[in-house]
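Since the structure of chain A is already known, use the hints to place chains B, C and D on it.
Here the protein sequences come in this chain order: A, B, C and D. Reading the first sequence from the start, the letters are residues 4 to 685 in the working numbering. Reading the second sequence from the start, the letters are residues 28 to 516 in the working numbering. Reading the third sequence from the start, the letters are residues 483 to 803 in the working numbering. Reading the fourth sequence from the start, the letters are residues 25 to 247 in the working numbering.
Take the hints with a grain of salt, since some may be wrong.
[To be verified] Beyond 12 Å from chain A on every Cβ pair, some chain D residues (computed):
#: 1; residue: 39
#: 2; residue: 88
#: 3; residue: 100
#: 4; residue: 101
#: 5; residue: 107
#: 6; residue: 108
#: 7; residue: 129
#: 8; residue: 130
#: 9; residue: 141
#: 10; residue: 142
#: 11; residue: 169
#: 12; residue: 212
#: 13; residue: 226
[Claimed, not checked] When the alpha-carbon atoms are kept at most 30 Å apart in a straight line, the in silico DSS-like pairs for lysine-lysine are as follows:
#: 14; chain 1: A; residue 1: 34; chain 2: B; residue 2: 476
#: 15; chain 1: B; residue 1: 120; chain 2: B; residue 2: 387
#: 16; chain 1: B; residue 1: 387; chain 2: B; residue 2: 476
#: 17; chain 1: B; residue 1: 228; chain 2: B; residue 2: 210
#: 18; chain 1: A; residue 1: 513; chain 2: A; residue 2: 343
#: 19; chain 1: B; residue 1: 129; chain 2: B; residue 2: 387
#: 20; chain 1: A; residue 1: 117; chain 2: A; residue 2: 40
#: 21; chain 1: C; residue 1: 774; chain 2: C; residue 2: 757
#: 22; chain 1: A; residue 1: 574; chain 2: C; residue 2: 543
#: 23; chain 1: B; residue 1: 324; chain 2: B; residue 2: 387
#: 24; chain 1: B; residue 1: 210; chain 2: A; residue 2: 117
#: 25; chain 1: A; residue 1: 117; chain 2: B; residue 2: 387
Just so you know, the hints here were simulated from the structure itself, not pulled from any lab data. Every value quoted in this text rests on a predicted model; they were computed, and no experiment measured them. Glycine included, C-beta positions come from ideal geometry on N, C-alpha and C.
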Amino acid sequence: MNPLPQPVSINLFVFFIWIFVGALGYPLLQKRETLLKPLALLLSIGSILLAYSAFLSLLSGTDYRFTVEGGLPGLLFHLHLDPLSSFFLLILGGAGTGVLLFSGGSLHAMSPRKKPGFFLNLSFFMASMEGVFLADDAYLFMIFWEAMALFSTFLVLTDRDRSEVRDAGYLYLLMAHFGSLLIMMGFFFLASREPSGQVQFLESLTFNAMATSTPSTGLSFLIFLLVLLGFGAKAGLIPLHVWLPRAHPAAPTPASALLSGIMLKTALYGIIRLLFGLLGLDHLSATWGIPLLLTGGLMALFGILHALLQSNPKKLLAYSSIENIGILFLGVGLAILYFKSGHPVAGEIALGAVLYHAINHAFFKTLLFLGAGTIIHASRTNDLNAMGGLLRRMPVSGGLVLAGILFASGLPPGNGFVSEWLLLQSTLQAWILSNTLFRSAVLLGAALLVLASALSAMGFVKFFGIGYLGIPRSEEAGKAHEVSFLELTGMGWLAGGCLLLAALPLTLLKGINHVIRSLTGHVFPDTLLSGGWIWIRPISAHGASYSPPLLLALLLAALPLPWVLLRLLRKPSTRTSPAWGCGYSVRTPRMQDTADAFGQPIRHFFPFFFAMKRRIPAPDEKDPLLELSVEDPHWPYLFRPLLRLFVRFSELADRVRTGRISVYLVYSFVTLLFLLSVLRWM
Amino acid sequence: MFLLSILLSPLIGAFVMGFVGHTKAASRLNILFSFLTFGATFLLAWNVFANGPLVGLDEQLFADGFSAIFIVLTGGIGATTSLFSHRYMAIEKSRGHLTGEKQRLYLSLYQVFLLTMLVVLVSNNLGLLWVSLEGATLTTVLLVAWSRTPESVKAAWKYFILCGVGIAQALFGTILLYFASEKTLGPGGTALLWTHLAAVKHTLEPTVIGLAFVFFIVGYGTKVGLVPLHNWLPDAHAEGPAPISAVLSGLLLNVALYAILRIKVLADGSLHNPLTAHLLMGFGLLSVLLGSLSMWKRQDIKRLFAYSSIEHMGLATFAFGLGGPMGSFAGLLHMTAHSLIKSSIFFVVGHIVQTSGSQKIPEIRDVALRTPSLARALLIGGLAVTGIPPFAIFASEFLILSVAVRRAPWSLPLLLLAIIVTFGVLYFRIQEMNGESGRSLSFPNEKPKITFYPIWIHFGLAFLIGLFFTHELGRLYGLALHSIGLTNG
Amino acid sequence: MDVGDPLFRTEFAVDVVDLFLAILTAPLLSGWIGTCRAVLSNRTPAGVFQPFWDLLRLFRKEVILPEHTSFLFRAVPFGVFGILSVSALFIPLLNIRPLLGPVADVVVLIGLFSLVRMLMAFGAMDAGTPFGDLGARREMMVGFLAEPATLMILFTVSLWSGSTSLSRIIQSLLSSSDPVHPSLMFALMAYILVFLAENGRLPIDNPATHLELTMIHEAMILEYSGPLLGMMEWSAHLKLFLYLLIGIDFFFPAGLPAELSPPAVILGIFLLIGKLMAAGTALAIVEILFAKLRIFRVPEFTALAYLLASIGFLIHFVLEV
Amino acid sequence: MAPHPHLLANHLVGMLGSALLLSAFANLAMRRLTSLVRIFALQGLLLTASTLAVAILSSETHLLFSALFTFIFKVVLLPTILFRLMNRLHIQGEVESLVNVPSTMVIGLGIVVFSFTLAAPISELASTVSKGLIGVGLASLLLSFLMMITRRKALTQLLGFLGMENALFFSAINATYGMPMVVELGVAFDVLVGTFVFGIFFFQIRETFESLDLKHMDSSSLE
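Looking at chain A on its own, in the form it has when it is part of the complex (with noise of 0.2 Å):
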């Protein structure tokens, strides 16, 4: 056997690194809680070693497979490692090291019983992620997933003496599997030619095998809906979102981060992989790209709605993930659009766009979450109305998620721009299509791209506004106080991961370009990558054109222009002095806006979006109270009367349950008739 590449081997260190120490970690931790740090700090460096060997494939376009002992007979352990996993890896590795080290600060307030725990399934959730990344054949790759459903559930759990921390990992795992299934049933009709022997029947569900399968028409779109049901589960298209406004605020707040943040990328990759690798564009219909696109405009538009009506801070970042996701799933609809229309440079710039969503929102994404969980922490409360004021308490960590917040709301210079920038690029070439339908479609898409990212601007405005802004409206919040040392180090590595991709996305647009020349054949046009480090031009030399260091130096150079010339000129003096209260003199945090009245002119604009439950007291009433309530219309709609239906169902196969001997005969009795019967006059 030949050598490993480097990479290769660095990636299984890695992988082993993790397994190693979270099973070690775990007795270790139950007798000495104060080695928590050492430890998180052992899972970051693997974590760095991971990003920096998946940065290096990824720019060389490492392309290895390998087996490995084990597996099904005449199944081994199938990996790859391709530039689509490279990117995956690098996600995982960049972002999860500002997780893992922020972990290593703030476990520490966590109950000592629930320590060892979590930081096992943290470790072996980071492991089967990576492993989801690297497995190369249907079986290994359900081990990782479902390995990786389970630690994340166990993660979500970690609370789960409260109740709703239950339900809501319950929720999640039965999602997980419900998607797994559909996920494996994917993987089979993929493979589902008959072959002759039991070593034939099991590589036949190796990817590489997968790949090379040329299923008909009618088979290829099943696949291809049950690809993105599967994987939809975990990504939380709708309406199969329900369980992760829940799930990820009910975790602890690394878990929660890496669940939003890391995970939900998973099922990106699982969607490209199938897609575009295994069941390759060639089986892929233009048609198909339009319910995709439709629903991942609407989906994010949705997200991003309910997200504005949330006053808990990680179930709002939540519905923003929802509506990440939704942007991910309009650009590869887009991209599919374009690919098999012909026009394969609009295509690759949706999917490169969709790529590089899908690392900005892991930092960002990331990196808020943990922000959200800084301020729970401070404040003691998931109520936004019960925070305010903790910018001046955590001017360090409240900074940091000001720029996370900058960079998530999809504004320039920051990096959720510039994916969102080609994506719209991309939705901008719909002039070339030569069908009407299709054209409308991008269309439409486009426009409802617009406005959910203007109205994650709103959302973020609301969560940065209510929690740090302000005056502290509750004692807990008023004696808040900044985050420890390792807790910043992580948020830090995010934020500067942000910047980093804000300010040169080409060099990562390189490494893209060998994904997409993996997956497609296709490469991004030349004017992209001749660009330098300055200039995004993706479609021709002098067409829209883009410049994020550029940018960024002119506005780094502008801000304080202003200041230094006031100084310069004439120093002001400064004063403090009461806000203006109308004249009145009384003060109080509770006079300030609530994080509910922030959403109320959405609710007032798109009631259709919710289920609302209003009552205005009539004017006699003793004790007039407003009551309202807000639901995900899914609830009501449609998970509600299925789990009915559900009960239904078993009420009637409990029918057959008498409990009476003679009843029970007869059933042997019919049985026995019956099939005599049929065997004898059929």
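Then chains B, C and D, alone, in the frame of chain A:
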């Protein structure tokens, strides 16, 4: 005489237990005998895999690769269960639920039960197979009724009547089979010997064989717990002592399915139509569906897992119905996996019931708080039994579904529904049991010493099988299936 | 183009002039509008230069910071002013090919305006007063539909050049021979609505009001004082100016100098002043004619803009390609 | 071709089969427990006779042993045990039926027709003297099954169970000249053990429920 030797140990054991079963050391002696049996079965299997099938006692006994797998499984689980039952009974005893007499009855019947199952597995004579399966039924009837509570008597009675009637149908099937084979093989000794039948299976009269197979599947199917013949199963599992539930679910159901499969091979040779496949798939699917749908309403933890057994036996049956090299392989793997996991779950459940003093799920609370290791074991059992990788049931379900995609895609919606429902319900219940308590604990101050070896051995094996089902082992399985012709079709 | 190139030097010079022109002209435009309004409502106008005097006065005053604010409160005015000045670099005033034009296209521009909005909202909320929050919330409410509407308008316009680069758009509009395009008509209508909404003009917001409960923009800057307030005010002028400039560039590009020859530039300057004054007058007329909308009608107003822009977008694809 | 000299024996076997079927019907119709046990003994006698007849016809010697066993087991031993059980447990009187007798009989008639139709193609294959009797065996089996379904006392269930066993034995003898000896012995042993188990049960049921009525054996709750 390998074949006899595996029977010897339980036989002697049964007698010894009959005499000294009430003494203090008897339980340890039981472990000794069970492990001796396990050793013998292991050697036998080794021999079979190394040197080919064994025939003995005037061709009445016989073991090939297929039976060897079941023999080892029976021996192994019989041994670990004896380990578990030692601790289980010790706890019962410490609470005054166990007299010496009862212990003697229990231990000797336990050995007899092992004996009858091993006889089923090594008998070449289909009549003898019937006899010993009936013997196993009778033994377990007594074991189910062992605690003498009204509920257990009821359950045993139900079990006795339903299985008695069922197995009578199987006897009629045997008669029909004999009737058909006698024409080729001539009257007398050899016409019921499986080895001879297999050699001439193509010449057997299809009309009769078809009829016979229906009687067999209704008869032995009752013992497998195929819906709608399954109604004895939940009660028997729920009311018997936990070790017995474990071996019922882990072994007896397997052995009954083993019998059906032996007949299926013969019937397939004669019939030239997919009758057996269709019957197995039909029964299997029905069991899977009803088994999973019935779980929601269950309030009794053992009953809950009994329905899970119905579901899993249905799945295995379905897999054999799918047939082909992979279908049968998956079915056999599923049986192996289910035996290991379900018996272990019953170990866990047994201890949980002992520590919480009730079998009713709403009354079982705080397991995680009271005995974290039990809660962990229950959780892992739940994971393993619902097909979470890398436990072996995942591997088999993976394969079953992949074969179903190719051979019976129409069945997929039903299978998936059943799998997800099972998963959902089981977790719901497990979570419920870990939840807050609504009532005070029955044995608040008592911390029974629980043995986890058998539990972890089973789970560990299931884990390893799922993760490293080596090529070598796979070859053995493949050979075993191929040699008896289950890979055709 | 390399740095030593004389053309480069000329362009650079023009760009710098453009920038300072924009920054300095902006208060003048506001002054002009104010004058028009005063004249139209039979008041004595304060004069075109009044905004300058106001700014000067503000810069002389001391800074009064409300209690409980963080560093963000002080940073926001600088950020807002800086971002808007940078944006001015990308919008052609006279030179339709600004040197730094390729750095940002229309999407980036709109993004920068949103960034300004967001920062102002943060500044407003930091003081923790009911009015700041209220203003911020209302501003975001106006923005969440106005921003996509703006983007859709720009997309519609950009479809003419197949590019979102401002210079490209203007060039292709200049060279276009068709006098009227239905899609552009829709876009123009939408643009007018968005313009009113984005710049806090009637009927969305009354820039002249100081009645707390009806304010939007004024509520946001209520706690600012002295030079900080001055910068906020100046930024508001600048934003109005830039928005108007974009509209002129897109919908009335005629007369922009195609190349930087002195006669063309001089003609361009006069034309531009004419256009700005005309637009200012029009705005003043609109403000005189309309009453302020109820706050809940505002999203409907901006949604109308969004829909008009989207229709224009679609019409272009269906009818004009 | 049935050999000519055996025609009489052949007829005899047929007669005995019919009698067995009749007794199975009688089981369905009888209301008194003691008569049921007597019918069981009668069935045993019929079985013995038919086994003897087949033994003579086929000159299979081992069938003679079977006949002897049958006689001892089913005519002497089991009825005695049953009668003693009834005495010990003080069981007497009417047997309650879940379905009334005429309906049961009609169902039984349907079953007989069904069994004969089902067995028709098989009977044509039979090379033994007693062809056509498989249908009789099947019918008796199903009738006993029916009896188990419709009767509600524990003892009647036992009798139904034993009736099934008789039907099986009859089929075995007539279709195939009896099963191999090992099997027959095994079956007989199982039946004996089964009866003992039944016996044990009777006492346990009496102990726990103070009645042998099967309605107690139905699960009270649906759990």
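Quick rundown of the hints versus the structure:
| no. | hint | verdict |
| --- | --- | --- |
| 1 | 39 | holds (27 Å) |
| 2 | 88 | holds (33 Å) |
| 3 | 100 | holds (30 Å) |
| 4 | 101 | holds (27 Å) |
| 5 | 107 | holds (25 Å) |
| 6 | 108 | holds (25 Å) |
| 7 | 129 | holds (16 Å) |
| 8 | 130 | holds (15 Å) |
| 9 | 141 | violated (7 Å) |
| 10 | 142 | violated (5 Å) |
| 11 | 169 | violated (6 Å) |
| 12 | 212 | holds (24 Å) |
| 13 | 226 | holds (16 Å) |
| 14 | A/34 with B/476 | holds (23 Å) |
| 15 | B/120 with B/387 | holds (22 Å) |
| 16 | B/387 with B/476 | holds (22 Å) |
| 17 | B/228 with B/210 | holds (12 Å) |
| 18 | A/513 with A/343 | holds (23 Å) |
| 19 | B/129 with B/387 | holds (25 Å) |
| 20 | A/117 with A/40 | holds (15 Å) |
| 21 | C/774 with C/757 | holds (26 Å) |
| 22 | A/574 with C/543 | holds (10 Å) |
| 23 | B/324 with B/387 | holds (12 Å) |
| 24 | B/210 with A/117 | violated (72 Å) |
| 25 | A/117 with B/387 | holds (29 Å) |
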